[in-house]
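Asker: Spelled out, the chains give:
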Amino acid sequence: DAKTTQPPSMDCAEGRAANLPCNHSTISGNEYVYWYRQIHSQGPQYIIHGLKNNETNEMASLIITEDRKSSTLILPHATLRDTAVYYCIVTPGGTSYGKLTFGQGTILTVHP
Amino acid sequence: DGGITQSPKYLFRKEGQNVTLSCEQNLNHDAMYWYRQDPGQGLRLIYYSQIVNDFQKGDIAEGYSVSREKKESFPLTVTSAQKNPTAFYLCASSPSGAGELFFGEGSRLTVL
Numbered sequence: 001d002a003k004t005t006q007p008p009s010m011d012c013a014e015g016r017a018a019n020l021p022c023n024h025s026t027i028s029g030n031e032y033v034y035w036y037r038q039i040h041s042q043g044p045q046y047i048i049h050g051l052k053n054n055e056t057n058e059m060a061s062l063i064i065t066e067d068r069k070s071s072t073l074i075l076p077h078a079t080l081r082d083t084a085v086y087y088c089i090v091t092p093g094g095t096s097y098g099k100l101t102f103g104q105g106t107i108l109t110v111h112p
Numbered sequence: 113d114g115g116i117t118q119s120p121k122y123l124f125r126k127e128g129q130n131v132t133l134s135c136e137q138n139l140n141h142d143a144m145y146w147y148r149q150d151p152g153q154g155l156r157l158i159y160y161s162q163i164v165n166d167f168q169k170g171d172i173a174e175g176y177s178v179s180r181e182k183k184e185s186f187p188l189t190v191t192s193a194q195k196n197p198t199a200f201y202l203c204a205s206s207p208s209g210a211g212e213l214f215f216g217e218g219s220r221l222t223v224l
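Protein chains in written order, with the numbering used here: chain E, 1 to 112; chain G, 113 to 224.
Quick caveat, the hints were computed from the structure, so don't treat them as lab data. Do not take every clue at face value.
Beyond 12 Å from chain G on every Cβ pair, some chain E residues (computed) [what the hints assert, rightly or not]:
#1 Glu14
#2 Asn19
#3 Glu31
#4 Thr56
#5 Ala60
#6 Leu80
#7 Lys99
#8 Pro112
Computed footprint of chain G on chain E; a stretch qualifies when at least three of its residues, placed anywhere within it, have a C-beta under 8 Å from a C-beta of chain G [as the list claims (entries may be wrong)]:
#9 23-30
#10 63-75
With a straight-line Cα cutoff of 30 Å, these simulated DSSO-like cross-link-like pairs (lysine-lysine) come out [what the hints assert, rightly or not]:
#11 G:Lys169 - E:Lys3
#12 G:Lys195 - E:Lys3
#13 G:Lys195 - E:Lys99
#14 G:Lys121 - G:Lys169
#15 E:Lys99 - G:Lys182
For every residue, glycine included, the Cβ atom is placed at its ideal position computed from N, Cα and C.
Given the sequences, and given the hints that come with them, work out the whole structure.
Answerer: The structure is reproduced here in structure tokens:
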């Protein structure tokens with residue numbers, strides 16, 4: 001799996017957009033970008049994933065650069081409940097069988 | 113509701129005792145996984161199973177054992193051979209080959 005680099009921590013004001021960056025400069029053509037988050041003492045929760053195109057769902061948007069070497073997860077209106085560790089993971093799609101490599105992620109703290 | 117159930121949530125054991133953590137899913141997923149998380153760290157894969165009656169070692173399988181006799185169940189035994197078993201254990205499942213994992217709430221094991 002391609003290695004990812006994330007800032008160790010970020011802050012965001014409640015109601016504002018949270019933009020979490022991820023670098024994955026060694027990503028291969030068949031590798032997807034996945035984002036998960038983990039609220040303290042709970043299991044990780046899947047957020048979104050993408051290959052080349054930008055993606056949006058009810059939780060977040062994923063912006064992938066044209067060269068696919070980096071991506072940004074956007075939480076459009078952060079709430080206090082979005083405070084969590086956010087993991088960016090790169091993995092092959094159909095053959096990975098979920099063998100995901102979780103690094104240390106970014107600790108996002110949303111302030112009132 | 114569909115999901116993954118881990119039990120017990122908290123477990124205390126004396127050194128040298130084997131411990132079995134339960135993981136049950138009703139999502140009809142083929143693949144199941146066990147991860148370990150230490151304080152302030154990411155997740156590390158212990159074992160995974162792509163299909164009933166088959167399982168593979170992950171990155172840190174030493175001192176652990178698993179079975180997959182039923183599609184719904186993937187119990188993990190922490191044996192006395194595991195040198196540092198105190199940790200947060202997470203079970204997950206996914207549709208075969210997918211990177212979207214569904215996690216349980218975790219089991220926190222403390223060895224005294």
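Asker: Does Lys121 (chain G) pair with Lys169 (chain G) here, judged by a C-alpha cut-off of 30 Å?
Answerer: Holds - the C-alpha atoms of Lys169 (chain G) and Lys121 (chain G) are around 24 Å apart, at most 30 Å.
Asker: Taking the minimum C-beta separation from Lys99 (chain E) to chain G, is that value above 12 Å?
Answerer: Given a closest Cβ separation of 6 Å, the condition is violated.
Asker: Just double-check Glu14 (chain E) for me: nearest Cβ-Cβ distance to chain G has to come out over 12 Å.
Answerer: The assertion about Glu14 (chain E) holds, with a minimum of 25 Å to chain G.
Asker: According to the definition I'm using, a residue is off the interface if its beta carbon is farther than 12 Å from all beta carbons of the partner; does Thr56 (chain E) meet that for chain G?
Answerer: Its Cβ never comes within 12 Å of chain G, the nearest being 16 Å, so this holds.
Asker: Are the Cα positions of Lys195 (chain G) and Lys99 (chain E) separated by 30 Å at most?
Answerer: holds, 24 Å
Asker: Verify that the Cβ of Asn19 (chain E) lies farther than 12 Å from every Cβ atom of chain G, and report whether the claim holds or is violated.
Answerer: holds, 22 Å
Asker: Are three or more residues of the segment 23-30 of chain E within 8 Å, CB to CB, of chain G?
Answerer: With 0 residues in contact (Cβ-Cβ under 8 Å with chain G), the coverage given for the segment 23-30 of chain E is violated.
Asker: Can we trust that Glu31 (chain E) is non-interface, i.e. its beta-carbon lies farther than 12 Å from all of chain G?
Answerer: Non-interface label on Glu31 (chain E) violated, nearest chain G Cβ at 10 Å vs cutoff 12 Å.
Asker: Is Lys99 (chain E) close enough to Lys182 (chain G), meaning Cα to Cα at most 30 Å?
Answerer: holds, 21 Å
Asker: Would you say the segment 63-75 of chain E counts as covered by chain G, given the rule of at least 3 residues with C-beta under 8 Å?
Answerer: violated (count 0)
Asker: Holds or violated: are the alpha carbons of Lys195 (chain G) and Lys3 (chain E) at most 30 Å from each other?
Answerer: holds, 28 Å
Asker: Is the nearest CB of chain G more than 12 Å from the CB of Pro112 (chain E)?
Answerer: holds, 25 Å
In terms of the numbered hints stated before, the structure departs from hints 3, 7, 9 and 10, listed from lowest to highest.
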